[in-house]
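K.L.:
So the chains spell out like this:
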Amino acid sequence: MTELQKRDLFPGALEMMILKSLQRQPEHGYALVQHIKRTSNDLLRIEEGSLYPALQRLLKAGLVRARWGVSATNRRVRIYELTPAGKKHLEVEVSRFEQMLEGITRVLAPGES
Amino acid sequence: MSLLARIFRRKRMYSELNEEIQAHLQEKIDELVTRGIAPDEAARTARLEFGNPNIIEEDSREVWHWPALESVWADLRYALRGMRKNPGFTLVVILTLALGIGANVAIFTVVNTVLLQPLPYKDADKLVTVWGVNKPLGFDLDFVSYPDYLDFKAQNRVFAGMGASTDEMYTLTGAGEPAALIAYEFSPDYFDVLGVPPLLGRTFAPDEDQAGKNHVAVLNYRLWKSRFGADPAILGKSIPLDGSPYTVIGVMPKSFAYPPDVEIWTPLTPDPQFAHRRDNRWLRVIARLKPGVTMEQAHAEMQTIAARLSSQYPETNKDQETRLISLRQMTTGDVRPALTVLLCAVGFVLLIACANIANLMLSRAVARQREIAIRATLGATRRRMIRQFLTESIAFSLVGGALGLLIAYWGAAALVAMFPPTIENLSIPRIESLPIDAWVIGFGVLASLVTGVLFGLAPAIQAGRMRIGESLKESGRTAAGGAAQGRRFRNALVVLEVALSLILLAAAGLMIQSFLHLVRADPGFRTDHILTMRVLLPDQKYKTDAQELAFGQAAVTRIQSLPGVESAGTVTFLPLSGWWGTREVTIAGRPADPAAKNPRPVWDSVTPGYFVAMRIPLIEGRYFTEQDNSSNENVVILSASLARQVFPNDDPIGKLVNIQGVDKPRRVVGVVGDVYQLGISVRQTGVTEDVKSEVYMPYAQFPTHLLCFVIRTAGDPVSLAKAAQQEIWAVDEGQAISFVEPLSQLASETVALQRASMVLLAVFAGLALLLASIGIYGVISYSTSRRTNEIGIRIALGASRSNILRLVIGEGFFLTICGLAIGVAGSLTLTRFLSSLLYEVRSNDPLTFFAVSVVLFCVGMAACFIPARRAMLVDPIVALRYE
Chain A
1 MTELQKRDLF PGALEMMILK SLQRQPEHGY ALVQHIKRTS NDLLRIEEGS
51 LYPALQRLLK AGLVRARWGV SATNRRVRIY ELTPAGKKHL EVEVSRFEQM
101 LEGITRVLAP GES
Chain G
1 MSLLARIFRR KRMYSELNEE IQAHLQEKID ELVTRGIAPD EAARTARLEF
51 GNPNIIEEDS REVWHWPALE SVWADLRYAL RGMRKNPGFT LVVILTLALG
101 IGANVAIFTV VNTVLLQPLP YKDADKLVTV WGVNKPLGFD LDFVSYPDYL
151 DFKAQNRVFA GMGASTDEMY TLTGAGEPAA LIAYEFSPDY FDVLGVPPLL
201 GRTFAPDEDQ AGKNHVAVLN YRLWKSRFGA DPAILGKSIP LDGSPYTVIG
251 VMPKSFAYPP DVEIWTPLTP DPQFAHRRDN RWLRVIARLK PGVTMEQAHA
301 EMQTIAARLS SQYPETNKDQ ETRLISLRQM TTGDVRPALT VLLCAVGFVL
351 LIACANIANL MLSRAVARQR EIAIRATLGA TRRRMIRQFL TESIAFSLVG
401 GALGLLIAYW GAAALVAMFP PTIENLSIPR IESLPIDAWV IGFGVLASLV
451 TGVLFGLAPA IQAGRMRIGE SLKESGRTAA GGAAQGRRFR NALVVLEVAL
501 SLILLAAAGL MIQSFLHLVR ADPGFRTDHI LTMRVLLPDQ KYKTDAQELA
551 FGQAAVTRIQ SLPGVESAGT VTFLPLSGWW GTREVTIAGR PADPAAKNPR
601 PVWDSVTPGY FVAMRIPLIE GRYFTEQDNS SNENVVILSA SLARQVFPND
651 DPIGKLVNIQ GVDKPRRVVG VVGDVYQLGI SVRQTGVTED VKSEVYMPYA
701 QFPTHLLCFV IRTAGDPVSL AKAAQQEIWA VDEGQAISFV EPLSQLASET
751 VALQRASMVL LAVFAGLALL LASIGIYGVI SYSTSRRTNE IGIRIALGAS
801 RSNILRLVIG EGFFLTICGL AIGVAGSLTL TRFLSSLLYE VRSNDPLTFF
851 AVSVVLFCVG MAACFIPARR AMLVDPIVAL RYE
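Which chain is which? The protein sequence lines are A and G, in order.
Those letters in the first sequence? Residues 1 to 113, by my numbering.
Those letters in the second sequence? Residues 1 to 883, by my numbering.
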């Protein structure tokens, strides 16, 4: 029932954040979740259930690639890392997001008409 | 990832995904445990926080799906399962579909073979036939004279090639029984114009139309096979035609049959005595358009040439024009209107079937409300549900269509009977088989798909619209809003069915009436109890008139003496055979006026017994007798129409007339009834008047090579066939006899197309009636069963049985009357397209309309009867308890 899921974030936000996290360093699924939670100071909580479909979409689009490795806890995990295409896509998405943010900020600025 | 890589690695991907997700979960649990929570508590919390791993896995997998295809496949499997669960329903639907689609495909095979497939000549669409228009005589389609043909050919700039032909008959002797061959004489380049290369050997060389070089022949494939055993060494062999040796120079391929029934081709050799005359019009001309030239341009050019000739040769060519008809139109023109009507009719039947099935599916959808509701709550979108319903209906229609193809296969075999093989002069193609080729199958698939969508759309949209909350209620009744809309739609469907049925019934009724008129119309002679045979005396053997005369008289005398023969005679051109000739008739002694429009009747040379055998009535004067021979005065008999034409104000008896091509004037001794030489039903292209004016000469005074025997028998004519032939062979044992058949059979064949159309249309109309009545029954029955409560209440409140009856019948009455009204209106507008097929019946004949309306009305009311009875028998207590 993906359509009825409530998304507080706009579509694409999750993918953007995943890509950004992976830009910092390649990680596996669980670590990604923790990373985003930590970096956003707990302001953003992603439903872990939506993580994996998002990762698959990124895989399908060729923006990340995956390989099997070992986690810090010696567990066999699948580690994702950014591809060059993913890097480029991230830059484009971030700049668009910043434009949008600026626009919204201006409109919401108090007193201005 | 590339598509190919994806396909191969899918399975591995899925298992990896599974592993990954389990690992994630495990990691989560571990972390909780390290924080001090108990393992099973940790497991539960982790799972809660994470979500259902199965769903997550499925969602992740779905990213890689081809969603459309996969779910369509799932829908299909679901549909098939549903079909198996309701075998009764499935059977009804599939049978109805098979009949409807099958009938359509069957008719399409005819359309395909006759109208759509390319003619077997090179670039056949560029081939046109060239005719004259003889304005002074009122001939719409006239043959072309030899000098005119040469001028057309030399002066035009629009045709890449032009050829001329005429029909001929030869007697083939030599090895085997003598046979009369139907032949065509072709100008040397005719084959080139058609553009079909011979199977063996060659076609005519440019100089082979000259005397001395023209005894060459090209054989038809069938003749080569049957007569010469497909001898590969046939080329160069000599065969005797009419006693003269002809060298075989080529054999045409199997598919080449131009014109139909022609067995052999020889070069066109114009008779020097007559061929130079421009007013001697005897040639059929064909031409090939140059690339880029349209029919209109060619026609304009030909008209210019004709005008030029008209001013150059005013005695013969004044006001002569030309007319071009495409070859395809020539060969299929008469069949086209009938086929169009049949295609529409069968389309209507399919529409009615769709309406019925749509109604059926709508009822079924209502019964499946629960299922639909659950699917909706589980997240099926409206679009998804519509798609699922459509998949179901298309599945039904494809299965039905496949079965229909089988029905069409048998049907097509029966339809070949629509094209009788021996009809001359009709623009009906020779059809030996109606193959089911790729086009036909493609049409079948398309028809199935369209049908499926048509009847599937209604329940699909209905399902999409249902309000979920209502349908999950315990009570089986739906909310008022949805049901009312559904009801109106279903009623509309039934009204449509009734209307379409009425149109079909009206059309069928008109065709039946037309056919009956046709068959009962008097062609001027009797066709029962008559045996006919045709004999062509070869030129080489019968060189003189006296020889022909001797043969004819001896043969007739012998046949007349056979037991069981009431009367016998001969005629040159047997009526209904499609053979005919015309000669101008003028009053003798008057100065020849070339501008005058002289009558040009059919001519015949007959023995005295002919009129008696054919029961042609004598109106004035006398029949021929034995005394009308070469030693007595030359006499002639006119048909009534001709008498009126030649002698509008006088009594023709005793007057002298001149007949074209006959040197001495002849005295009129009798007037007989008109005879329709070509039958009533055939509108021959060539003359605009009915071919019933006729001039007769006695055979004893004007013997001919061609003799058609007409033998009236006391019993079954076929029983005397052998004996009659023996008598002819007793006179000349080598003589070929052809077309030995009863006259009634010929008569039947001339109306074969009309008969077939009528039968088919009647069958379709009957089918439509049946389907419409089932439709009415279904809708009334359903609506009544839904109103059981209401009926129970009414009865409890005091309504009598007859009140209930009136209630139910009233609904049916209303629907039927609406359908009738729309149907009558529709018929009045549509049946006018039938008028070209109708004989002496008005396309808005009120009697027919009234009769079929009454029939449909009664059937409609009868269909309401059973549900009405059921309603009357409703027990109010049971009905009210039903919740």
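Honestly, the hints are just simulated from the structure, not real lab data.
All residues carry an ideal CB built from backbone N, CA and C; glycine is no exception.
Keep in mind that a hint or two might mislead.
[Unchecked claim] Listed next, the in silico EDC-like pairs over lysine to aspartate or glutamate satisfying Cα-Cα at most 20 Å (straight line):
#, chain 1, residue 1, chain 2, residue 2
1, G, K290, G, D189
2, A, K60, G, D123
3, G, K254, G, D192
4, A, K60, G, E57
5, A, K87, A, D42
6, G, K543, G, E733
7, A, K60, G, D189
8, A, K60, G, E49
9, A, K60, G, E58
10, G, K541, G, E177
11, G, K85, G, E371
12, A, K60, A, E102
13, A, K60, G, E62
14, G, K543, G, D279
15, G, K664, G, E633
16, G, K722, G, D732
17, G, K225, G, D261
18, A, K37, G, D261
19, A, K37, G, D30
20, G, K254, G, E57
21, A, K37, A, E15
22, A, K37, G, E49
23, G, K541, G, E371
24, G, K543, G, D271
25, G, K318, G, E177
26, G, K655, G, E584
27, G, K153, G, E49
[Claimed, not checked] Estimated spans, in silico, between C-beta atoms of each pair:
#, chain 1, residue 1, chain 2, residue 2, range
28, G, G36, A, Q99, 43 to 51 Å
29, G, G36, A, D42, 14 to 22 Å
30, A, Q34, G, H65, 26 to 34 Å
31, A, R106, G, N54, 40 to 48 Å
32, A, R67, G, V453, 26 to 34 Å
33, A, R24, G, H65, 26 to 34 Å
[What the hints assert, rightly or not] Only part of the chain G face toward chain A is listed, based on derived beta-carbon distances under 8 Å:
#, residue
34, E20
35, I21
36, H24
37, E27
38, F50
39, G51
40, D59
K.L.:
Run the structure past the numbered hints and jot down the numbers of the failing ones, going up.
P.N.:
Of the numbered hints, 2, 5, 7, 8, 12, 14, 18, 20, 23, 25, 27 and 32 do not hold.
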